[in-house]
Amino acid sequence: MPRSLATWNVNSLKVRLPHLLDWLESVSPDVVCLQELKCDDAAVPRAEIEAAGYHVISHGQKTYNGVAILSRQAPAEIVRNIPGLSDPQSRVIAATIEDTRVVCAYFPNGQAVGSDKFAYKLEWLSALTDYMRGELAHHPRLVLAGDFNIAPEERDAHPDWKEDLLVSPPEREAFSSLRALGLEDAFRHFEQSNRSYSWWDYRRNAYRRNFGLRIDHILVSPPLAAQLESCAVDTSPRERERPSDHAPVIARFV
DNA sequence: ATGCCACACCTTGTGTGA
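In short: position in the first sequence from 1, add 12, done, that's the numbering used here.
Some hints here could point you the wrong way.
Quick list of in silico lysine to any residue cross-link-like pairs, SDA-like style, CA-CA up to 25 Å [as the list claims (entries may be wrong)]: (1) 50 x 249; (2) 26 x 253; (3) 74 x 16; (4) 50 x 131; (5) 129 x 174.
Hints listed in this document are in silico derivations from the structure and should not be mistaken for laboratory results.
Predicted model, so just to flag it, every value in this text is computed and none were measured.
Let the hints inform the model, and build the full structure from the sequences given.
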């Protein structure tokens, strides 16, 4: 089984490749779920990632979206997108790595509560929830990791966050529905510092002020929850030059 | 009230993100 699994929205794989390679070398996670590649599959820097010791599978898209799974062990049963959902946006890739089913997802942003894109977000969330219900029936050891674009509780958003988006009741109810399938938020399995976040706006010195949200999550099924050893946000890549606006989250298992 | 920043795009502004 993988002993460690991370998720990271890199906001352009091309720009963030040096950050990613350095981080892989220093942290050496067994599985990494990446989001917002912003490139198509042909542009994924496969050779560099393989040279770092990882298999790489991707579901890319030019300009927007795009997801990938990096893994020390070979992936099997690869699925791209949510089965049965007609969606031109590349937001999901899933694979079985050893004995564990890994679903990597870049959830829609939603733009503004009540907008067309918000309606798409809720429809997409409903489809994902149905998909996860079926996956859990077939794979007792399941991870859903990615950029959820939802801060699930009050404590997951800075008190001065004024927008409804990412914290609205329908978004939080959708997150609860995923948890209700029997998935645990790995981060909340442990004591954490107050104001722990995974994303900070590039503007207005948000990172320096820790004006952020916790929207990147690792949800795990009960057998994996029972084996959790730790789960933490790694802010070190956010402190580099030209960082992603997101920091990676990493879970370790005994 | 907007842009504040970053990224991609057959760029010289626009769409999108969170």
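Against the structure, the hints come out as follows:
With a C-alpha separation of about 19 Å, the suggested pairing of residue 50 with residue 249 holds against the 25 Å cut-off. A hinted pair counts as satisfied when its Cα atoms are at most 25 Å apart, and residue 26 with residue 253 qualifies at roughly 15 Å. Distance check on the hinted pair: residue 74 and residue 16 sit about 29 Å apart at the alpha-carbon level, beyond 25 Å; violated. The hinted pair formed by residue 50 and residue 131 meets the criterion: a straight-line CA distance of about 23 Å does not exceed 25 Å.
At roughly 19 Å between alpha-carbon atoms, residue 129 and residue 174 fall within 25 Å of each other, so this suggested pair holds.
Of the numbered hints listed earlier, the single one contradicted by the structure is hint 3.
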